[in-house]
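Visitor: Chain by chain, the residues:
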Amino acid sequence: MFIEYLKAFLIGGLFCAVGQVLIDYTKLTPARILVGYVVAGVVLGALGVYQPLVDFAGAGASVPLTGFGNLLASGVRKAVSEDGFIGVLTGGLVASAAGITAAVLFGFIMAVLFKSKDKS
Amino acid sequence: MAVKQGKHSLIMQKPISVVSYAAVGSKKESEGPLANNFDILNADSTFGEDSWEKAESTMQKIAVKKALEKGSYTEKDIDYICAGDLLNQCISSTYGLRDLGIQFIGLYGACSTMAESIGVASIFIESSAAKRCAAVTSSHFCSAERQFRFPLEYGGQRPPTAQWTATASGSVILEEKNEPPYIRAVTFGTIEDLGIKDANNMGAAMAPAAAMTLKRFFKDTKTTPDNYDMIFTGDLGKVGAQLLCELLQRDNIKLSQDKNYTDCGLMLYDLNTQDVHAGASGCGCSASVLCSTILPQMKEKKLNDVLFIATGALMSTTSAQQGESIPSVAHLIYISNSFNS
Amino acid sequence: MDKQEYSKLTDKVSQNSKSYLNIPKAFVIGGLICTLGQLLLNLYMYWGADKELASTLVSVTLVFLSALFTGLDLYDNIAKHGGAGTLVPITGFANAVAAPAIEFKTEGFILGVGAKMFTIAGSVIVYGTLASVVYGLIIVIFKLY
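Chains as they are written, first to last, in this note's numbering: chain A, 1 to 120; chain B, 1 to 341; chain C, 1 to 145.
For the record, the hints were derived by calculation from the structure and aren't laboratory data. Just so it is clear, the structure is predicted and the values come from calculations on it, not from any experiment. A couple of the hints might just be wrong.
Restricting the straight-line Cα-Cα distance to at most 16 Å, the calculated cross-link-like pairs of lysine to aspartate or glutamate (EDC-like) are [unchecked claim]:
#: 1; chain 1: A; residue 1: Lys27; chain 2: B; residue 2: Asp198
#: 2; chain 1: C; residue 1: Lys8; chain 2: B; residue 2: Glu246
#: 3; chain 1: C; residue 1: Lys3; chain 2: B; residue 2: Glu192
#: 4; chain 1: B; residue 1: Lys219; chain 2: B; residue 2: Asp251
#: 5; chain 1: C; residue 1: Lys105; chain 2: B; residue 2: Asp50
#: 6; chain 1: B; residue 1: Lys259; chain 2: B; residue 2: Asp226
#: 7; chain 1: B; residue 1: Lys259; chain 2: B; residue 2: Asp229
#: 8; chain 1: B; residue 1: Lys54; chain 2: A; residue 2: Asp118
#: 9; chain 1: A; residue 1: Lys119; chain 2: C; residue 2: Asp73
#: 10; chain 1: A; residue 1: Lys115; chain 2: C; residue 2: Asp73
#: 11; chain 1: C; residue 1: Lys18; chain 2: B; residue 2: Asp275
#: 12; chain 1: B; residue 1: Lys14; chain 2: B; residue 2: Glu179
#: 13; chain 1: C; residue 1: Lys12; chain 2: B; residue 2: Asp198
#: 14; chain 1: C; residue 1: Lys143; chain 2: A; residue 2: Asp83
#: 15; chain 1: B; residue 1: Lys66; chain 2: B; residue 2: Asp77
#: 16; chain 1: B; residue 1: Lys254; chain 2: B; residue 2: Asp229
#: 17; chain 1: B; residue 1: Lys54; chain 2: C; residue 2: Glu107
#: 18; chain 1: B; residue 1: Lys65; chain 2: B; residue 2: Glu75
#: 19; chain 1: A; residue 1: Lys119; chain 2: B; residue 2: Asp275
#: 20; chain 1: B; residue 1: Lys197; chain 2: C; residue 2: Glu5
#: 21; chain 1: B; residue 1: Lys215; chain 2: B; residue 2: Glu192
#: 22; chain 1: B; residue 1: Lys27; chain 2: B; residue 2: Asp275
#: 23; chain 1: A; residue 1: Lys115; chain 2: B; residue 2: Glu49
#: 24; chain 1: B; residue 1: Lys4; chain 2: B; residue 2: Asp220
#: 25; chain 1: A; residue 1: Lys115; chain 2: B; residue 2: Asp50
#: 26; chain 1: B; residue 1: Lys301; chain 2: B; residue 2: Asp229
#: 27; chain 1: B; residue 1: Lys222; chain 2: B; residue 2: Asp251
#: 28; chain 1: A; residue 1: Lys117; chain 2: C; residue 2: Asp73
#: 29; chain 1: A; residue 1: Lys117; chain 2: B; residue 2: Glu49
#: 30; chain 1: A; residue 1: Lys119; chain 2: B; residue 2: Asp44
#: 31; chain 1: A; residue 1: Lys117; chain 2: B; residue 2: Asp44
Ranges between beta-carbon positions, derived for each pair [as the list claims (entries may be wrong)]:
#: 32; chain 1: B; residue 1: Ala129; chain 2: C; residue 2: Asp11; range: 39 to 49 Å
#: 33; chain 1: C; residue 1: Asp2; chain 2: A; residue 2: Tyr25; range: 24 to 34 Å
#: 34; chain 1: B; residue 1: Asp258; chain 2: C; residue 2: Ser19; range: 27 to 37 Å
Ideal placement from N, C-alpha and C gives every residue a C-beta, glycine not left out.
Given only the sequences and the hints, what does the whole structure look like? Please build it.
Guide: In structure tokens, the structure reads:
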């Protein structure tokens with residue numbers, strides 16, 4: 001049990017530390033880093049190296065945005081194997097639909113409830 | 001008429017007096033070292049409005065009204081108002097001043113606008129085109145942030161060279177009168193660009209413009225920094241101020257941050273405790289420091305001869321996204337307690 | 001002074017980011033968010049969800065928490081320290097959606113909230129989806145399924 005949390009903490013932390021290195025040393029903007037992580041996740045997922053990492057580190061690998069990319073890759077793989085060519089178009093977004101829809105829904109609710117505040 | 005001296009500087013032949021001035025700030029400014037100098041500090045940075053743009057407009061209007069009130073003037077006494085801000089199409093000024101009924105000259109020089117508007121207003125009075133003019137600029141952290149950077153709730157990290165846009169406004173009223181302090185000279189700058197592209201390092205982008213304008217002013221007037229009690233730049237911040245000293249050093253002009261030079265961006269906040277990184281920025285920074293601190297100290301004769309050089313970075317979000325470097329401009333005004341033509 | 005010389009001078013004068021602080025902070029804060037994810041994952045599985053469903057529920061929960069913290073004006077204050085630690089996890093994605101939605105409410109629900117919601121995070125979806133399409137085509141062409 002404890003070792004599970006430790007693995008999630010260490011691997012997840014490592015993904016973030018790499019992101020910080022990119023921010024501090026390459027002047028990449030946050031948006032570029034996010035895009036980079038997602039695309040890297042798709043590539044690593046496609047190469048079959050990301051899923052073993054998820055099996056090892058659990059949320060430590062699935063919570064970072066690379067995990068989101070891996071989800072897109074595995075979704076496409078599954079959809080193509082089940083539905084053939086049309087899976088190329090449906091697989092990615094179907095697999096990631098819950099996350100994206102949740103972001104839209106909760107983002108909207110927060111916009112209704114709150115207004116922007118000054119930074120103190 | 002203002003006489004051109006040298007290639008770039010205009011010397012006023014009439015006593016253009018700064019007859020009234022006012023500075024308005026908000027919460028962060030109220031926690032800074034200049035808090036006691038401000039006329040109005042509104043802890044609520046919305047200024048009672050429902051958008052940040054409206055908040056900035058209201059703040060600018062308050063600054064103008066306060067300066068009018070302090071000088072016992074009304075809107076009708078002002079011939080022209082020279083105003084500007086950082087927002088697209090200068091909407092803080094146009095909406096803030098729309099109800100005042102004063103002939104409006106909108107100016108954009110980014111954060112250099114306060115020196116620009118005072119310069120333009122002085123020349124209007126000098127040439128008898130106007131009897132009395134107002135000059136005002138403002139900036140608001142929140143409206144600037146959402147236009148130039150990210151939404152306020154977005155979780156981003158600022159690098160140490162980034163500056164904090166002041167939520168502040170400053171306004172002055174000028175007329176020909178034998179009452180110090182006077183605007184004695186104006187040097188408008190040229191657009192300078194030494195290739196800085198980092199929008200988080202505005203000080204570095206603007207320092208070359210400040211150096212160029214100062215150099216020209218000293219050459220035109222055959223003076224040196226020793227002729228002035230204090231030289232203030234607008235919002236170069238920690239990085240830009242140091243770069244300016246280094247740049248001028250190469251032309252053998254000696255500015256020392258311990259002695260005869262400081263930057264408004266380093267005065268408005270406490271850099272050690274207020275989490276503003278390299279200092280303050282924005283049109284409202286130099287304007288509010290001028291109107292809250294520099295001009296009152298001249299009135300009290302603590303300062304008698306001052307150079308005020310406001311610097312502006314002239315890029316937009318579009319030019320930044322297209323990979324352009326950041327051009328900048330610096331305008332200088334020479335303010336003195338003595339007048340002899 | 002030419003541009004190269006000035007660029008060197010600027011680099012000399014400009015303070016660098018305090019990476020010796022930023023990187024450990026990003027590691028710890030990002031690690032904690034993932035640990036929270038693991039906690040939720042175990043909780044949902046304990047309640048009977050299979051691994052895939054539990055994983056989806058974790059994403060949804062973290063997205064909700066991030067959006068809520070964004071609305072409460074807390075997320076940016078954590079992110080000031082967290083840096084990539086709050087950017088890289090899925091909470092960073094949710095923050096990038098919720099923040100402009102809240103910020104641009106003043107421009108109305110259609111042209112503000114609706115249109116600006118994906119100004120930052122839109123690229124993530126666009127390029128993630130495109131990458132998945134490329135991968136899908138590769139699978140189809142080389143018959144990898």
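Visitor: All the hints need checking, so say for each whether the structure fits it.
Guide: How the hints compare with the structure:
1. A/Lys27 x B/Asp198: holds, 9 Å
2. C/Lys8 x B/Glu246: Roughly 12 Å between the alpha carbons, so the hint for C/Lys8 and B/Glu246 holds.
3. C/Lys3 x B/Glu192: Holds - the C-alpha atoms of B/Glu192 and C/Lys3 are around 11 Å apart, at most 16 Å.
4. B/Lys219 x B/Asp251: holds, 11 Å
5. C/Lys105 x B/Asp50: holds, 10 Å
6. B/Lys259 x B/Asp226: holds, 10 Å
7. B/Lys259 x B/Asp229: Between B/Lys259 and B/Asp229 the Cα gap is close to 9 Å, so the pair holds against 16 Å.
8. B/Lys54 x A/Asp118: It holds: about 14 Å lies between the C-alpha atoms, which stays within 16 Å.
9. A/Lys119 x C/Asp73: holds, 8 Å
10. A/Lys115 x C/Asp73: holds, 9 Å
11. C/Lys18 x B/Asp275: Given pair C/Lys18, B/Asp275 holds - Cα atoms ~14 Å apart, limit 16 Å.
12. B/Lys14 x B/Glu179: With a Cα-Cα distance of about 12 Å, the restraint between B/Lys14 and B/Glu179 holds, given a limit of 16 Å.
13. C/Lys12 x B/Asp198: Between C/Lys12 and B/Asp198 the Cα gap is close to 15 Å, so the pair holds against 16 Å.
14. C/Lys143 x A/Asp83: Holds, at about 13 Å.
15. B/Lys66 x B/Asp77: holds, 14 Å
16. B/Lys254 x B/Asp229: holds, 13 Å
17. B/Lys54 x C/Glu107: holds, 12 Å
18. B/Lys65 x B/Glu75: Roughly 8 Å separates the two Cα atoms, so the pair holds.
19. A/Lys119 x B/Asp275: holds, 11 Å
20. B/Lys197 x C/Glu5: With a Cα-Cα distance of about 15 Å, the restraint between B/Lys197 and C/Glu5 holds, given a limit of 16 Å.
21. B/Lys215 x B/Glu192: Since the Cα atoms of B/Lys215 and B/Glu192 sit roughly 13 Å apart, the hinted pair holds (cutoff 16 Å).
22. B/Lys27 x B/Asp275: holds, 14 Å
23. A/Lys115 x B/Glu49: Distance of about 12 Å is within 16 Å: holds.
24. B/Lys4 x B/Asp220: Holds: B/Lys4 and B/Asp220 sit about 9 Å apart, inside 16 Å.
25. A/Lys115 x B/Asp50: holds, 9 Å
26. B/Lys301 x B/Asp229: holds, 11 Å
27. B/Lys222 x B/Asp251: holds, 14 Å
28. A/Lys117 x C/Asp73: holds, 7 Å
29. A/Lys117 x B/Glu49: Given that 16 Å is the threshold and the Cα spacing comes to 12 Å, the pair holds.
30. A/Lys119 x B/Asp44: Distance ~12 Å between A/Lys119 and B/Asp44 Cα, so the pair holds.
31. A/Lys117 x B/Asp44: Distance ~10 Å between A/Lys117 and B/Asp44 Cα, so the pair holds.
32. B/Ala129 x C/Asp11: 39 to 49 Å: holds, 47 Å
33. C/Asp2 x A/Tyr25: 24 to 34 Å: holds, 26 Å
34. B/Asp258 x C/Ser19: 27 to 37 Å: holds, 30 Å
Consistency note: the structure conflicts with none of the earlier hints.
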